[in-house]
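Peer 1: Residue-level listing of the chains:
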Amino acid sequence: MNISLLIIAIFLVLALYLGIKARKGKDMDMEQFAVGGRGFGTFFIFLLIAGEIYTTFTFLGGSGWAYSKGAAAYYVPAYIFLAYVLSYWLVPKIWRYSKRHSIISQPEYFASKYKSKSMGMIVAVLGSLALVPYIVIQLKGLGIIVSEASYGAISPVAASVIGAVVVTTYVMISGIHGSAWTAILKDFMILVVVIFLGIYIPFHYFGGIQSMFETVQAAKPEMLVLADQGLSQSWFVSTVLLNALGFYLLPQTFMVVLSSNGERTLRKNAIALPLYTLLLLFVFFIGFTAIMEIPGLQGADGDLSLLRLAIQTFDPWVIGVIGAAGLLTALVPASVMLMAASVGLTNSFFKVLVPAATETHQLIVSRIIIIGISIIALIVTVTGGEALAILNIMSYSLITQLAPSLFCSLPKTNIINKYGAMAGILAGVLIVLYATIGDVKVATFLPDIPHVINDISTGVIALLINILVTFIVSALTKHISIQQTEMNDLDKIS
Amino acid sequence: MDAIKLLLFVPFIGFLGLLPYANKIEPYILGMPFLLFWVAFWMVMASIILIIVYKFDPDNKGSDSE
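Same order as they appear, the protein sequences are chains A and B. Taking the numbering used here, the leading residue of the first sequence gets 1, the next gets one more, and so forth. Taking the numbering used here, the leading residue of the second sequence gets 1001, the next gets one more, and so forth.
To be clear, the hints were calculated from the coordinates, so they are not data collected in a lab. Warning: the hint list may mix true and false statements.
Claimed, not checked - In silico lysine-lysine, DSS-like type, Cα no more than 27 Å apart, as pairs:
hint	chain 1	residue 1	chain 2	residue 2
1	B	K1055	A	K93
2	A	K268	B	K1055
3	B	K1061	A	K99
4	A	K99	B	K1005
5	A	K93	B	K1061
Could you build all of it, start to finish, from the sequences and the hints given here?
Peer 2: Right, here's the structure in full:
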């Protein structure tokens, strides 16, 4: 065993220990398990929401995109900080309604707002569908990090399996408390590592950040601005808007919001978080340095640029610390995602199918679902081969299809009904799946269309059609009154 | 919606709306090519705007609701 592998192993055990210990003194019911009894203050909420900034995706994918695509990578911090701005207005409304109605998951929120169990089921399925690629990103990233940082002593597959076992174990035991406690360790580690690497590496190779960028400019000026077509300005703006809208619709972020102890906690977080995204700049500095220093990584291998550059630069023990930080950036977000998917499915399927289920039954079922999702994600991780950023964009394209129903549900009187909402969501999701799997763009149908339009994110086009369908179907079904029986049933279960 | 919350639109319009003018390498500011500086600038602006909104937002007066 080499020194770096030893350091990674120590942090893995530490994370498992903290994750399990987090349960201590908690009487575990569904509300504790899923949203920490709605008791998290500013500090924990900050760390949990910031968990989304430093996932393996931003760590490896952010530097990987800077390496292979240049300035297009700026879309990552851009959508995150705009999502925080939006959250100031959006998120307290969601929290307030959920608190009043004892809601602990996103599907439950939609079921309650639209007084429809079917709506809850659709949202639960869509949420899980969007979460699986996201969990895959984490496990895949974890595999890459541990394998590279151990100098190949552990294969990526073995690392992904070990990581999945650890995260599944502590989530099943401690629920979201486990995620909160491991998040402390994670954010401390990643801050130190990212700032250190982001400053040290450009200075080490080029004597400064500006001189590093000037070297890139001299060799490949096109890397420092957005392209004229493809990953162009219209792609950038549409993707940033889409992801900013989708950020708080991701089931795991939604759930973190519900675990807050008050509205003001959420607003205070909105202020501090954009500044925290500044730290992603350091990740880009590393990616741009790698363009000059380790040329030749093709396609999905761009995700390796940060680690390859670090290995070329540092002693094994430093690589161990970087590997450990990377490991934690996979475990913490993956744990919240597993929770969110499992609680959503338990609430909107199991509780509907078995209305008599006790809290104990629900907790058992949630844990079984956690194992199930872990296994599915592991299978996709081992068999699939996409670059991290593509998976990320697909998740967002899917989940953002919930945006029209969410935003329409906020005012006192909702201008759309459940039929419109469900039809719109289905239309949007089908278009995203069709376009992603078939690699279809607008130009497939209209070859002469200008690039400005063709480059618009598929998710945005699906969203526009979704909105259209939502309003048309809502208007057509206005006369159908909501069936009284279903409303009564829903009251019984909630 | 309180008027003060309309300020929340500013980062969206400023950052994305003026992007065509910011999509260039020079001048370098704080060691960064202009486009990257533009991203960083709006992150800081977003926080400043949120502080202003928070300060004047009537929702934050009195005790935390519920």
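Peer 1: All hints are to be evaluated individually against the structure, with a verdict given for each.
Peer 2: Structure-based check of each hint:
| no. | hint | in the structure |
| --- | --- | --- |
| 1 | B:K1055 x A:K93 | 19 Å, holds |
| 2 | A:K268 x B:K1055 | 11 Å, holds |
| 3 | B:K1061 x A:K99 | 20 Å, holds |
| 4 | A:K99 x B:K1005 | 23 Å, holds |
| 5 | A:K93 x B:K1061 | 16 Å, holds |
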